[in-house]
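Asks: Chain residues, written in single-letter form:
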Amino acid sequence: MKTKLAILSSIALAVVFFGGCASQNATYVESGGSQSLLSTNKINIADWNAAAAALVNDMMASGVMNRFPEKPVRMKVSRIVNRTSEQIDTELLTKQISIALLNSGNVVTMSDDEYTQELAKQQAFMADKQMPLPKVTLTGRIVEDRESVGKKREVTYVFMLSLNHEGVGVWEGQKQLTKQSNRGSFAF
Amino acid sequence: MKKAIILLAASFLAFGCSTTNSVERAEPTAQKQVVNDKRIISDGALSGYASVVAVNESRVSGGLLKVQVELFNRTPSRRTFNYKFEWMAPDGMQVEGATSTWTLLVLEGRESRFVSAVAPNASVNDFRLKLLPNARD
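These protein sequence lines are chains A and B, in that order. Read in order, the letters of the first sequence correspond to residues 4 to 191 in my numbering. Read in order, the letters of the second sequence correspond to residues 718 to 854 in my numbering.
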């Protein structure tokens, strides 16, 4: 009797272990596409994409790079201040923007990599030249605003970017993204 | 028949339909460079509420192509859908860019709105706009 019970328990445990906890097969969806998941807990990939697209559109349409006759313009991505409640990698925004500007042919981005910078310094020294400085810098801030009324929860993320030259802002843009969700009955 | 109309009106009220009113110049002064477009509709339901009114283009400084599309929600209720611009080089090859991502658009009932995008580089001379229902609805 005890042996039967032990066998049955083992089978039940195996079923739970191998079947019950197994997730369904994962599928690929387009990053930030119409099927990617959205939540009010964090900045989702669709939000990063939407913010980057809006800011790139805005900057390209402004024609700000044409203020600088010397092309391509040297740009350094400076500090993006995170004023949200979560830890975020701001390169999810800035990388998309610098790629877009680089591909437009108007801008070259200066590397943050220490070895690359050291090499550039040495090359400048060998050629008896000065290390080139960035013409413009890209700075920004990401701010979060949360609100909840009844069971409804809302979060707004504001993505603000500035392009600076000689200490003054030559272009500024911002994109607001607001998401709402309903809290479950048993949510705390 | 009367009952049907009352029911329809009641259902609109129950779902809180709100449409937009707008005012504009009777004779617009802006000169649009309208694009003659070709429309391929494979989702009749989507085109039932999301319609393209007109497409116009211009070149912004630096020679980049800018495309503006007026989208209209034909229904009296709020609708959401996605749009994406794709860009083509003169040889017909697609050019990827940060502006080629699906963007969610929320339109109130009978609202029309302009959406625009700038091409990734000056060599781009053609585009395609895609519309997609919101799978999250």
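It is worth saying that the hints were derived from the structure and are not from the lab. It is possible that part of the hints are untrue.
[Unchecked claim] Pair ranges (Cβ atoms, derived):
1) N44/A x P850/B: 32 to 38 Å
2) K124/A x R756/B: 54 to 60 Å
3) E741/B x P75/A: 57 to 63 Å
4) S775/B x R70/A: 18 to 24 Å
We put the beta carbon where it would ideally sit given N, CA and C, even for glycine.
Asks: Quick check on a hinted range of 32 to 38 Å for N44/A and P850/B, using CB atoms only.
Replies: violated, 25 Å
Asks: Is 18 to 24 Å a correct range for the gap between the Cβ atoms of S775/B and R70/A?
Replies: holds, 20 Å
Asks: Given a hint of 57 to 63 Å, does the C-beta separation of E741/B and P75/A actually sit inside it?
Replies: violated, 41 Å
Asks: Given a hint of 54 to 60 Å, does the C-beta separation of K124/A and R756/B actually sit inside it?
Replies: holds, 56 Å
Figure legend: structure checked against the earlier numbered hints; hints not met, in rising order: 1, 3.
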